[in-house]
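2 protein chains.
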Amino acid sequence: MPRFRYQCSSCGQRFRREEVRYLCPQCGRDYRPGMPLTGVLEAQFDYGAIRKKFRKDKPDWSLFSAVEKRFFPPIPVGNTPFFQSVALGDELGFDSVWIKNDGLNPSASLKDRASFLVVAEANRLKERTIVAASTGNAASALAAICAAAGKRALIFVPQNAPKAKLVQMILYGATVVPVKGTYDDAFRLSLEYTAKRGGLNRNTAYHPLTIEGKKTVGLEIWWQNNWRVPDAILVPTGDGVIIGGVHKAFCDLKAAGLIPRLPRLLCVQAEKSNAIHRYVETGCYENAAHPDTVADSISVSIPSNAHLARRAVLDSGGFSITVSDDEILEGQRILAARTGVFAEPAASAVVAALKKLRGSKRLLRKAQIVLLITGHGLKDVEAAMRSIALPAAVEPALAAIEAALEARSAKGVR
Amino acid sequence: MPRFRYQCSSCGQRFRREEVRYLCPQCGRDYRPGMPLTGVLEAQFDYGAIRKKFRKDKPDWSLFSAVEKRFFPPIPVGNTPFFQSVALGDELGFDSVWIKNDGLNPSASLKDRASFLVVAEANRLKERTIVAASTGNAASALAAICAAAGKRALIFVPQNAPKAKLVQMILYGATVVPVKGTYDDAFRLSLEYTAKRGGLNRNTAYHPLTIEGKKTVGLEIWWQNNWRVPDAILVPTGDGVIIGGVHKAFCDLKAAGLIPRLPRLLCVQAEKSNAIHRYVETGCYENAAHPDTVADSISVSIPSNAHLARRAVLDSGGFSITVSDDEILEGQRILAARTGVFAEPAASAVVAALKKLRGSKRLLRKAQIVLLITGHGLKDVEAAMRSIALPAAVEPALAAIEAALEARSAKGVR
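The listed protein sequences derive, respectively, from chains A and B.
Note that the first sequence ends on residue 706 in my numbering; no numbers are left out.
Note that the second sequence ends on residue 706 in my numbering; no numbers are left out.
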């Protein structure tokens, strides 16, 4: 039995890894620009073999990896902190709230996991150039991992992409092409480019190993949680690949007989970027016409992995919820002030969502709940500045400082 | 035997932990604002007991900790990646270059380690407020750890402190007092404040556990390096507490008979913030009159821990070196492009220093060299923007993109 086979998530057909690279040859043909991907491939492992070989006292994670370890890029990714915050649980009204802080990856987001595995695949295939369309974290992540691996990252971005995110990619040495158009234009052009000129396309969900890479965060949660399955995981959701990856992790573990059940996956979207949310709620898919949210990492018109994201929520017995920008920024402040974790707005959406669920019958108070923090707050300092006030300067004398602090205290200001 | 005793680094007198809190009662009196601290205390453990009890197959790091584990704040700090970069070694002309990436701490700098231990001490002493003067990373770190521990952080900053750094502290819920004056004014006022109003002062080196906290990065390097002592560690140096902490780690290990020798500690400063460098070279101390460098985290006029920093360099057989701002920004680009690590300018100074040492007899090509990366590049995106150019936007058509890439390639631009 080979390491794994690809299986089409639409028609179920199986392929050897050498037979396909991106979408299912049949179902992928149905993909039209402007719609979610069809024919996304999933890696299916020999779960019987994993069941026999996997040992908790000496876990061999390579059993779950679609790429052999010898191809891995020389930069550590993952192994991020997982810990309980009693204070946050008290604040939000839940007994057991845990944080998986994936902002502490090298380029400061969970997307490093996907880029890591795709670059490993590029090593295996001896591809020198990896191409992606992105406006933010995925591109930074690809640029970082390509830098470590000595690969060329070619990144198409819409011309209005935020400068601060471009800085990171360019510093890592990526070739960045700002396109006069939208993200959808950049996405389409990156596909045209690799079709004609070659290189490996890392577009999210389009390359099936993006899902496999993101899967590792689910495996880590299980391990760090002392081999227990949490009751629920709240996942910030834009294009739907992260929630698809988390789902895949627990499906793999269940198929291998290592866990008895899946955690409930809760899809968290911004109110104005809610295509997957509506798809989950109604069963009918429609693009988000004008996505607009402070949480830029989950601001998506056409979520590429909408189909698998919906399946992840329904299959796990989870549900979907949306939050407003004000709630997101409040969630960012609550998380920082109660736990010491500074998360980007997209990641803060899960805190806002949990706050909204207080007292709801949809999520029990005593459940073990994991908040998946997907990116660091330093990725977008401007957003955080929207929600705080800078205090006025004080004369350099102790008496003046004491007076200022007393005045602030009297006003209820810190 | 108690956990440890404090020993004055100036006069050698020993104290029980309950007898002193900050400087040596005698030698600390000599401290005058405007000069480095005198009478800095060092924790001396029962090294014979450590020798007997410490086991590499089940390391108990609490043997080296000045505060009991039960007082630790509920946020994981440290355990950051340590790895070799062959590509960086090739670029810089050394055979074995390793990276300790401490930018991947919760608040994105090594200073979390010091704040973690001081907040643990505040838990032990039942102090609710922790006070510090800082302009940047130390204050963010204190704010983050205080948030996790439910403590109040009171932070004095000069009024011209960069806004982005203030955002982080305020979001964590710290009480921030901008002072109309310099960092030295803020430092003095924070001492006056705790002297009169109480609370625990966390000023760097002034509170001896800041050194003990930073020590943990040295212990981790030894462990992650398979219990071997590297030949040299390059340390970005501002106030001198980090290099003092790394030195203390290896001194503790040597005193416990666990290692045969110290690594050589290389002090790296910015050309225009070089008080410790000159002190090492000449033996005469003088403040840096007008510190001015893009590496704000090591921009210091009066390095509080100058005496112990100099001792760390001389005692370990190391040396000191300075780098220019241009070299620092080039070091930042080299590090990012070769390893995927985006470091703040202060941390990038060690890459610049190693580049300068190529071919020098001061550091052998075959030595095992560790670069201590003390903070993440996302802390200061503006600085990185100084050294890169954003490419022009291109029409959204494949032909236009191919033409643009060929033109850039012909010009030797990525």
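No lab work stands behind these hints, which were simulated from the structure alone.
One or more hints might be untrue.
The list treats identical chains as one, so a pair stands whether inside a single copy or across any two.
[Said to hold, decoys possible] Straight-line C-alpha distance at most 30 Å; calculated DSS-like pairs for lysine-lysine:
1. Lys345 with Lys361
2. Lys488 with Lys647
3. Lys546 with Lys658
4. Lys344 with Lys418
5. Lys703 with Lys350
6. Lys361 with Lys350
7. Lys472 with Lys455
8. Lys348 with Lys488
9. Lys348 with Lys361
Hints and how they fare:
{"no.": "1", "hint": "Lys345 with Lys361", "result": "within (17 Å within a copy, 36 Å between copies)"}
{"no.": "2", "hint": "Lys488 with Lys647", "result": "neither (48 Å within a copy, 40 Å between copies)"}
{"no.": "3", "hint": "Lys546 with Lys658", "result": "within (24 Å within a copy, 49 Å between copies)"}
{"no.": "4", "hint": "Lys344 with Lys418", "result": "neither (32 Å within a copy, 51 Å between copies)"}
{"no.": "5", "hint": "Lys703 with Lys350", "result": "neither (56 Å within a copy, 52 Å between copies)"}
{"no.": "6", "hint": "Lys361 with Lys350", "result": "both (16 Å within a copy, 27 Å between copies)"}
{"no.": "7", "hint": "Lys472 with Lys455", "result": "within (15 Å within a copy, 32 Å between copies)"}
{"no.": "8", "hint": "Lys348 with Lys488", "result": "neither (46 Å within a copy, 55 Å between copies)"}
{"no.": "9", "hint": "Lys348 with Lys361", "result": "both (19 Å within a copy, 27 Å between copies)"}
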